[in-house]
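**Student:** Fit chain B to the given chain A structure using the hints.
Residue numbers (the working numbering), protein chains in the order written: chain A, 784 to 1048; chain B, 1235 to 1464.
Just so you know, the hints here were simulated from the structure itself, not pulled from any lab data. For every residue, glycine included, the Cβ atom is placed at its ideal position computed from N, Cα and C. There may be inaccurate statements among the hints.
Derived coverage of chain B by chain A (criterion: at least 3 residues anywhere in the stretch with Cβ under 8 Å from a Cβ of chain A; other residues may be distant) [stated by the list, open to error]:
#1 1323-1331
#2 1368-1381
In silico DMTMM-like cross-links for lysine to aspartate or glutamate, where the CA-CA straight-line distance does not exceed 20 Å [said to hold, decoys possible]:
#3 Lys1441/B <-> Glu1411/B
#4 Lys842/A <-> Glu1036/A
#5 Lys1354/B <-> Glu1404/B
#6 Lys959/A <-> Asp1390/B
#7 Lys989/A <-> Glu965/A
#8 Lys1456/B <-> Glu864/A
#9 Lys1373/B <-> Glu1358/B
#10 Lys954/A <-> Asp1390/B
#11 Lys820/A <-> Glu923/A
#12 Lys1373/B <-> Asp1299/B
#13 Lys1447/B <-> Glu1436/B
#14 Lys837/A <-> Glu823/A
#15 Lys954/A <-> Asp1326/B
#16 Lys1298/B <-> Glu1358/B
#17 Lys995/A <-> Glu964/A
#18 Lys1297/B <-> Glu1411/B
#19 Lys959/A <-> Asp1326/B
#20 Lys954/A <-> Asp1299/B
#21 Lys1373/B <-> Asp1334/B
#22 Lys1354/B <-> Asp1299/B
#23 Lys1354/B <-> Glu1344/B
#24 Lys800/A <-> Glu848/A
#25 Lys924/A <-> Glu814/A
#26 Lys837/A <-> Glu848/A
#27 Lys1431/B <-> Asp1444/B
#28 Lys959/A <-> Asp1325/B
#29 Lys1373/B <-> Asp1399/B
#30 Lys1450/B <-> Asp883/A
#31 Lys1456/B <-> Asp883/A
#32 Lys800/A <-> Glu974/A
#33 Lys924/A <-> Asp1376/B
#34 Lys989/A <-> Glu962/A
#35 Lys1039/A <-> Glu1007/A
#36 Lys959/A <-> Glu1318/B
#37 Lys1021/A <-> Glu848/A
#38 Lys954/A <-> Glu1318/B
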Amino acid sequence: MKDKNAKRYGMVIDLDKCTGCGSCMVGCYSENNVPFKADETNKLDSINWIRVYKITNNKTYPNTEVCYLPMPCMQCDGAHEGHSPCVSVCPAVATDYDYDTGIVSQIYTRCFGCRYCMAACPYHARKFNWWDPVWPADMEKYLSPNVSPRMRGVVEKCSFCFHRYQLARDKAYLEKREELEENEYQTACAEACPTGAITFGDLNNKHHAVYKLKNSPRAFRLLERLNTNPKVYYLTSKSWVRKAGDNYLAHEEPTKIKNNIKEHH
Amino acid sequence: MSTDQNQTVSTEAATDPVNHEPETNDSPPSKSSGWAVFLFFMIGFVGSILSGWILFPELLYSKKDQPIDFNHAVHLDVVSDDCESCHYFRDDGSFAGMPDLSSCIDCHEEAQTDDPEEIKFVDEYVTPDIEVPWLNHSKQPDCVFFSHSAHVIGADMSCESCHGDIGTSEHTRVYEENRLTGYSRDIWGYSISRLGKPEAGEPKPMKMNDCAKCHKEETGHKGACFQCHK
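Only chain A is shown next, with the shape it has when bound in the complex (with noise of 0.2 Å):
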């Protein structure tokens, strides 16, 4: 299934450009139809497909030090790709690999709710309906039509704004050209982004910005041991964060471990 000119859309996210403003969220409900409910102070009823993790160094002052971490999700690749966690448990089909872009898709018609997708995820990227979505006043005419709505009992989760890339392409069959450019297909958080903290594109691509930067000294990914081989990277220059991505021991220097995980290409 998989041919030689399949992409590998990726994102980087400079953790030391986010400012945790949450841009890249508001982008992100407004963009993929994401529900929201009237009162939304219990977090883990929230659904969001990109969220912003603050996290600490556990220091009393003055040396305590903030950091803001947006988790879209990671579409991994597994430890063979196409084997991402999620993927690999779905009973009914609802999520597969899509080999041609390495984006994880998620089907709300197919799925039917048992959510061992939620249980297998390391992330914490797929969120549950539990209840069907109510837009506030006639907010339901702003909803993108590119989306589907998801109803109550089925999960949901970021898509790299699949259907930016559909649009894209279907401007690319008019003009007869096959390959997009970097600019053509990005995602909603990205552009949102005022910091220019995420940067996206196809991490195969030497042109992209992504490709060098996720080479980065700086760069990491989260829960890298699980060989969940994630696409999205993220950089930092502080060892305090970088420790935090990852069930590290108090005597391990993640920089110096050598992880022996293998990247596809």
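**Tutor:** Same frame as chain A, but now just chain B:
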């Protein structure tokens, strides 16, 4: 205690000759009953097949006429760019689908013929500037993404290969809507059993399996879910 009572009852029944009386009253089986059973079975069997194949589709689909009896053949003769003259691609690669009034108004600001359908179109829609509520035979569910440019431009397919020979039709077809799902009958296909193939010039069924089958034949695999779902 209860076992004792049951034993007493059964002994009484066994010794009582009156209780055996009804069994001897059974009439002997008639000679023709085998044929009668077969006949009634066949009536029921054929009846259920007929009701499933003829009555059920009649009940399942409601029938509606298009607001205007549109003549494709007349239009195809006068336009320069075949189907794409009205059903065109926008610059961003999306497909316009059914034309809106602004496409029609260039020619039909006033009725050009005595055709009652054209006069109706001008009087009821063009003059008061109301969009025609066309009924779309090919409308897919909201969760489906279909790219016309990928098929028509990318794969060089003709319109007829899915929509049938609609360009030469002189009258609109009756729109049949599934009362349960609300979708057009074209999606399921006209054969209720989905056996056999539609004849040349007829629209093809457009269920997911139909897409997957063609994708498998043409590209070697059915494709990932996101290719057609959103």
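**Student:** It remains to establish, for every hint, whether it holds in the given structure.
**Tutor:** Structure-based check of each hint:
no.: 1; hint: 1323-1331; result: holds (count 5)
no.: 2; hint: 1368-1381; result: holds (count 5)
no.: 3; hint: Lys1441/B <-> Glu1411/B; result: holds (15 Å)
no.: 4; hint: Lys842/A <-> Glu1036/A; result: holds (19 Å)
no.: 5; hint: Lys1354/B <-> Glu1404/B; result: holds (17 Å)
no.: 6; hint: Lys959/A <-> Asp1390/B; result: holds (11 Å)
no.: 7; hint: Lys989/A <-> Glu965/A; result: holds (11 Å)
no.: 8; hint: Lys1456/B <-> Glu864/A; result: holds (18 Å)
no.: 9; hint: Lys1373/B <-> Glu1358/B; result: violated (25 Å)
no.: 10; hint: Lys954/A <-> Asp1390/B; result: holds (15 Å)
no.: 11; hint: Lys820/A <-> Glu923/A; result: holds (14 Å)
no.: 12; hint: Lys1373/B <-> Asp1299/B; result: holds (16 Å)
no.: 13; hint: Lys1447/B <-> Glu1436/B; result: holds (18 Å)
no.: 14; hint: Lys837/A <-> Glu823/A; result: holds (17 Å)
no.: 15; hint: Lys954/A <-> Asp1326/B; result: holds (5 Å)
no.: 16; hint: Lys1298/B <-> Glu1358/B; result: holds (18 Å)
no.: 17; hint: Lys995/A <-> Glu964/A; result: holds (17 Å)
no.: 18; hint: Lys1297/B <-> Glu1411/B; result: holds (6 Å)
no.: 19; hint: Lys959/A <-> Asp1326/B; result: holds (12 Å)
no.: 20; hint: Lys954/A <-> Asp1299/B; result: violated (35 Å)
no.: 21; hint: Lys1373/B <-> Asp1334/B; result: holds (16 Å)
no.: 22; hint: Lys1354/B <-> Asp1299/B; result: holds (14 Å)
no.: 23; hint: Lys1354/B <-> Glu1344/B; result: holds (11 Å)
no.: 24; hint: Lys800/A <-> Glu848/A; result: holds (14 Å)
no.: 25; hint: Lys924/A <-> Glu814/A; result: holds (13 Å)
no.: 26; hint: Lys837/A <-> Glu848/A; result: holds (11 Å)
no.: 27; hint: Lys1431/B <-> Asp1444/B; result: holds (11 Å)
no.: 28; hint: Lys959/A <-> Asp1325/B; result: holds (13 Å)
no.: 29; hint: Lys1373/B <-> Asp1399/B; result: holds (18 Å)
no.: 30; hint: Lys1450/B <-> Asp883/A; result: holds (16 Å)
no.: 31; hint: Lys1456/B <-> Asp883/A; result: holds (13 Å)
no.: 32; hint: Lys800/A <-> Glu974/A; result: holds (15 Å)
no.: 33; hint: Lys924/A <-> Asp1376/B; result: holds (15 Å)
no.: 34; hint: Lys989/A <-> Glu962/A; result: holds (14 Å)
no.: 35; hint: Lys1039/A <-> Glu1007/A; result: holds (14 Å)
no.: 36; hint: Lys959/A <-> Glu1318/B; result: holds (17 Å)
no.: 37; hint: Lys1021/A <-> Glu848/A; result: holds (10 Å)
no.: 38; hint: Lys954/A <-> Glu1318/B; result: holds (16 Å)
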